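Chemist: Whole structure, please, built from the sequences with the hints as guidance.
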Amino acid sequence: MTVLSSLRALVDEARIRVTEDGLTVRAVDSANVAMDDLELEAAAFESFEASPGTLGLNLDRLADPVRLASKDDLVQLFLDPESGKLIVVVDGLRYSMACIDSKTVRAEPTPPEFDLPAAVTVDRDALQRGVKAADLVSDHVRLRMEAGADALVIEAEGDTDAVTLELDGDDIEVLAAGDASTLFSLDYCKKLVRTIPARTPVTLDLGEDFPLILSYELADGDGTITRMLAPRIET
Amino acid sequence: MTVLSSLRALVDEARIRVTEDGLTVRAVDSANVAMDDLELEAAAFESFEASPGTLGLNLDRLADPVRLASKDDLVQLFLDPESGKLIVVVDGLRYSMACIDSKTVRAEPTPPEFDLPAAVTVDRDALQRGVKAADLVSDHVRLRMEAGADALVIEAEGDTDAVTLELDGDDIEVLAAGDASTLFSLDYCKKLVRTIPARTPVTLDLGEDFPLILSYELADGDGTITRMLAPRIET
Amino acid sequence: MTVLSSLRALVDEARIRVTEDGLTVRAVDSANVAMDDLELEAAAFESFEASPGTLGLNLDRLADPVRLASKDDLVQLFLDPESGKLIVVVDGLRYSMACIDSKTVRAEPTPPEFDLPAAVTVDRDALQRGVKAADLVSDHVRLRMEAGADALVIEAEGDTDAVTLELDGDDIEVLAAGDASTLFSLDYCKKLVRTIPARTPVTLDLGEDFPLILSYELADGDGTITRMLAPRIET
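Protein chains in written order, with the working numbering: chain F, 47 to 281; chain U, 47 to 281; chain D, 47 to 281.
Please keep in mind that the hints were generated in silico from the structure rather than gathered at the bench. This one's a predicted model, so the numbers in the text were calculated from it and none came from an experiment. Mixed in with the good hints there might be a few duds.
You can't tell identical chains apart in this list, so a pair holds if it fits in one copy or across any two.
[To be verified] Below, computed lysine to aspartate or glutamate pairings styled on EDC-like, alpha-carbon distance capped at 16 Å:
#1 LYS131 to GLU203
#2 LYS237 to ASP119
#3 LYS178 to ASP137
#4 LYS236 to ASP169
#5 LYS149 to GLU263
#6 LYS178 to ASP110
#7 LYS149 to ASP67
#8 LYS237 to ASP268
#9 LYS131 to ASP205
#10 LYS237 to GLU85
#11 LYS237 to GLU128
#12 LYS131 to ASP147
#13 LYS236 to ASP75
#14 LYS237 to ASP181
#15 LYS149 to GLU59
Modeler: Here it is as structure tokens:
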């Protein structure tokens, strides 16, 4: 369910690639600002039996039957090869859902490769706090690190008011202490951060006016989500 | 309070018949699709002293002062014979409310008599689950039983998706295992099921394209609600 | 935070007078119907260091960073003499906020002096109950006391329905048992009562068609709020 809500923050429809090792979903939002890359290993499932292929799915519609499950209910997914429908079974309830021709779903983007100078791991709740405060004064938020300084600074400047949150000490783990400073759209930041489960350690890779790479592991370590957010360039 | 909210799902105004043995309220919704029949024995009240008669009441307005009562507050109702007003007293608060001329309230319907082939008792929460799932794909829901099969099937079919919930085993108690299959409007089903208290055993009487008779006892067994819902005939 | 929400019920902007002994805020709503008078002694603050002066503040904007504080967080306020900005610091988060030229904020009213014949102390929750009940039947509420009778009566009369709540005995402490009866606008009463913390003893001073003076102490007794509400004269 958590995985679903992360993806739904970005896109309505997604292509799901099924291999013998697990699932991969790669989705980009319609404005090309944010990209999500989800890998779920077969071990993340109670049992996993799949013939390789690609599936187009409306994520909103998939969320409907999944919401009917209690926390401990097993959610079973089958692809009926005859009807081409996805069957979702939750505690006696059987929901049959039409798939979308995966060719009509937006093509998967190729993730760009960067070599970013700064990297830091921080708790999602600290990020959330900075993003919420920034939202009080502006539409943008700047993430900033300095070579040699063990701190991540989240700051926003409005017309009359300004906000600064400096995270340091036990709040962060600096992985690479390079110079970095980039402005991002708060709308996107809010969506990304909100859909990360509370108290999850999140790794940020940052540069100077470069995209942000944000990554975290799913609950039991059987999968990873990597999210990329394009910078907002000041003009 | 529970009794009030059940009735209010259907109608705004109702005629209340008072006899020495208790109260009877019978109400039909303005579209003639659903009918409610409530019987409250005198024993359901802390004390009951009434001269027989008929009272017209706006149920929405009656709910207002009743909502001001805490869970354990005694709600006292008096009919002031002089002013013709209903006096509601709740912990020091005195609310005087005009009654409606019972002749202007919609006449009480005569409940039709059926002999339905199938009957089953099921928990209200299981019904709720089926109705909610059906609501994801359609505006209608079918309730189905088969002669000889110990199961109640709740199903709905949309344009591309479909939902089936099969209740059997410990979830139900089949009272009469005849053939039955009828389609109902989900809007009405949702209202009826939502206003039944959680975890109440509910008895359904079903036929082939016949009205549904749904009945359950009030908390302490001092009253019964019988609700009838007209079928939605496919044309 | 509680103090802020009380003031915000009335006004958006306020002049805050700072002296060596504490803060005083006096605000009147734009319709001149209600007035608030807040005194916070220096002892109400963890530490208080101030140079006397007057500050114009947008209370809505001040509430934003204060909301980011957890219950036990210390909220620090500094006035930066150079930039003229108010700096709010909450657990590592630094929020700098422009003040308003106090000359552009509505002038402080002079509180009128009355000698009211009736006074009673009553729990805020009992007031709340009476106001909510009155709201079911009317737009106005009457507060009434009688010389020699140990009771406060809250009553409202609508077109067909009426509500009376009589508070006496242990529910009230009569300080002056004179004759008093005044009608007030329910909209204002609801706002005033809603923003008083639950279970606070509130003192009411009442007359015959005179303003209501409502006063209560802040949690630890280091400050007082006095609120005045103009009567609604029947015409």
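Chemist: Please go over all the hints and tell whether each is borne out by the structure.
Modeler: How the hints compare with the structure:
no. : hint             : in the structure
1   : LYS131 to GLU203 : between (50 Å within a copy, 14 Å between copies)
2   : LYS237 to ASP119 : neither (27 Å within a copy, 27 Å between copies)
3   : LYS178 to ASP137 : between (38 Å within a copy, 14 Å between copies)
4   : LYS236 to ASP169 : within (15 Å within a copy, 42 Å between copies)
5   : LYS149 to GLU263 : neither (29 Å within a copy, 55 Å between copies)
6   : LYS178 to ASP110 : between (29 Å within a copy, 10 Å between copies)
7   : LYS149 to ASP67  : neither (23 Å within a copy, 70 Å between copies)
8   : LYS237 to ASP268 : neither (23 Å within a copy, 42 Å between copies)
9   : LYS131 to ASP205 : between (53 Å within a copy, 13 Å between copies)
10  : LYS237 to GLU85  : neither (20 Å within a copy, 42 Å between copies)
11  : LYS237 to GLU128 : neither (38 Å within a copy, 37 Å between copies)
12  : LYS131 to ASP147 : within (11 Å within a copy, 58 Å between copies)
13  : LYS236 to ASP75  : within (15 Å within a copy, 36 Å between copies)
14  : LYS237 to ASP181 : within (12 Å within a copy, 28 Å between copies)
15  : LYS149 to GLU59  : within (11 Å within a copy, 56 Å between copies)
Going down the numbered hints, you'll see the structure goes against 2, 5, 7, 8, 10, 11, while the others check out.
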